[in-house]
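So the sequences go chain by chain: A and B. Using this note's numbering, read the first sequence as starting at 90 and increasing by one per residue. Using this note's numbering, read the second sequence as starting at 1050 and increasing by one per residue.
In case anyone wonders, no lab produced these hints; they're calculated from the structure. In this text, a Cβ means the ideal position worked out from N, Cα and C, and glycines have one as well. It is possible that part of the hints are untrue.
Unchecked claim - Pairs of lysine to aspartate or glutamate, EDC-like flavour, derived with a Cα cap of 16 Å:
| hint | chain 1 | residue 1 | chain 2 | residue 2 |
| --- | --- | --- | --- | --- |
| 1 | B | Lys1060 | A | Glu130 |
| 2 | B | Lys1123 | A | Glu130 |
| 3 | B | Lys1230 | A | Glu130 |
| 4 | A | Lys151 | B | Glu1056 |
| 5 | B | Lys1250 | A | Glu91 |
| 6 | A | Lys151 | B | Asp1053 |
Said to hold, decoys possible - Here are the in silico distance ranges between beta carbons for each label pair:
| hint | chain 1 | residue 1 | chain 2 | residue 2 | range |
| --- | --- | --- | --- | --- | --- |
| 7 | B | Asp1202 | A | Asp138 | 47 to 53 Å |
| 8 | B | Cys1057 | A | Ser162 | 51 to 57 Å |
| 9 | B | Ser1279 | A | Leu159 | 39 to 45 Å |
| 10 | B | Asn1185 | A | Leu159 | 30 to 36 Å |
| 11 | B | Pro1135 | A | Lys98 | 31 to 37 Å |
| 12 | B | Leu1208 | A | Ile163 | 42 to 48 Å |
Single-letter residue listing:
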Amino acid sequence: MEAQRRMRKASILFCGFSALNAEVCKNLVLAGVSVTLLDNETVVKEDIDAHLFLQAGDIGEKVRFLVYHLVTSIYMDL
Amino acid sequence: MTVDVAECSYKSLTLKYLQQYSVVCMTDHIPMEDQVRIDGICYENGIACYSVATFGFAAMLFADLGPKHLYMMKSISSENNPEGEPETVQVAHTMEFITLGKFLETKLADIQVKRKRQQVSLQFGNDMFAALLILNEIQRSKKETMDEAGIKDSLKLLLDGATTPINELVVVEIVASALGKYEISPVCAVMGGIVGQEIIKAISGNDEPINNLFCFNGLSGAGTVRKLNSSN
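Just chain A, same shape as in the assembly:
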């Protein structure tokens, strides 16, 4: 119980939002942990291939805004 309480209280900062961080973020949101995404980059062609949240139409957009809506939609479904 103590561990559960600590997990609810915790918040995590993701610096840079690569495909790997997207996976980690997804896993933690599903586990019920608060997350913050810090990313200044725009989507480029190389990002889309492996990235869980990005698609071909997203090139040129800010990563953090696209991902924000998608990550929020994961936990809305819970």
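Chain B: place on chain A using the hints.
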């Protein structure tokens, strides 16, 4: 539970901002010198800090949970409970971590594997660490690429005649994949699961965390944990 976004230059991240968080998870999009600085702040202020990256088929995780990380672990006590079965008890342990800066100061020549039998399975850790050092050097010299001969030369320079077991070809492969900046989704998925679990271990304070380097080899599917330290 909340999800948030923020925009901030990595150079201007201060203690005041980082204090709001219990864990910071950085990727290789952030220059190594900024990672070292952020990790230094986290180390002194009890914030767990992870540096994660995938380089083609290879992936790495560096964990820094501060100078004194407290965690609970189940163990079987020697005394039996009233029913005559061995009792499981929660035992508190502490673990000491080092900063990313100190970790990168580790000399390649000093990495020793004591038991011969372990050498093969642990060698990928050496290869990954060598690749990390070379990547760091490439970043510092503000170069964009490096050819195979260049990578081999810098590896020779780092080894400085030492006999640390290292597979030159693997190092070249990792560095080249890292410079190519492409990610492979299954490798990200596997590593994402491991990193997620590590972060949950860190914040819940349950079970032994990885100390301090974990490498995943996507080609063989094997993972290696190494504890590298510049002070020994």
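A/Lys151 and B/Glu1056 were given as a pair; does the straight-line alpha-carbon distance stay at or below 16 Å?
holds (10 Å)
Does A/Glu130 sit within 16 Å of B/Lys1123, going by the straight-line distance between their CA atoms?
violated (43 Å)
A/Lys151 paired with B/Asp1053 [C-alpha distance capped at 16 Å]
holds (14 Å)
Verify the CB-CB distance for B/Asn1185 and A/Leu159 against the hinted window 30 to 36 Å.
holds (33 Å)
Can you confirm whether the C-alpha distance between B/Lys1230 and A/Glu130 stays at or below 16 Å?
Since the Cα atoms of B/Lys1230 and A/Glu130 sit roughly 14 Å apart, the hinted pair holds (cutoff 16 Å).
Do the beta carbons of B/Leu1208 and A/Ile163 sit within 42 to 48 Å of each other?
holds (46 Å)
Check whether the Cα positions of B/Lys1250 and A/Glu91 lie no farther apart than 16 Å.
Given that 16 Å is the threshold and the Cα spacing comes to 13 Å, the pair holds.
Does the structure keep B/Lys1060 and A/Glu130 at a Cα separation of 16 Å or less?
holds (15 Å)
Beta-carbon spacing of B/Ser1279 to A/Leu159 - inside the hinted bounds 39 to 45 Å or not:
holds (40 Å)
A/Asp138 and B/Asp1202 - C-beta distance against the hinted 47 to 53 Å:
Given a distance of about 31 Å, which is not inside 47 to 53 Å, the answer is violated.
Against the range 31 to 37 Å, how does the distance between the Cβ atoms of B/Pro1135 and A/Lys98 compare: consistent or not?
About 34 Å separates the Cβ atoms of B/Pro1135 and A/Lys98, which means 31 to 37 Å holds.
At the C-beta level, are B/Cys1057 and A/Ser162 separated by a distance inside 51 to 57 Å?
violated (24 Å)
Hint check: violations occur at hints 2, 7, 8; the rest are consistent with the structure.
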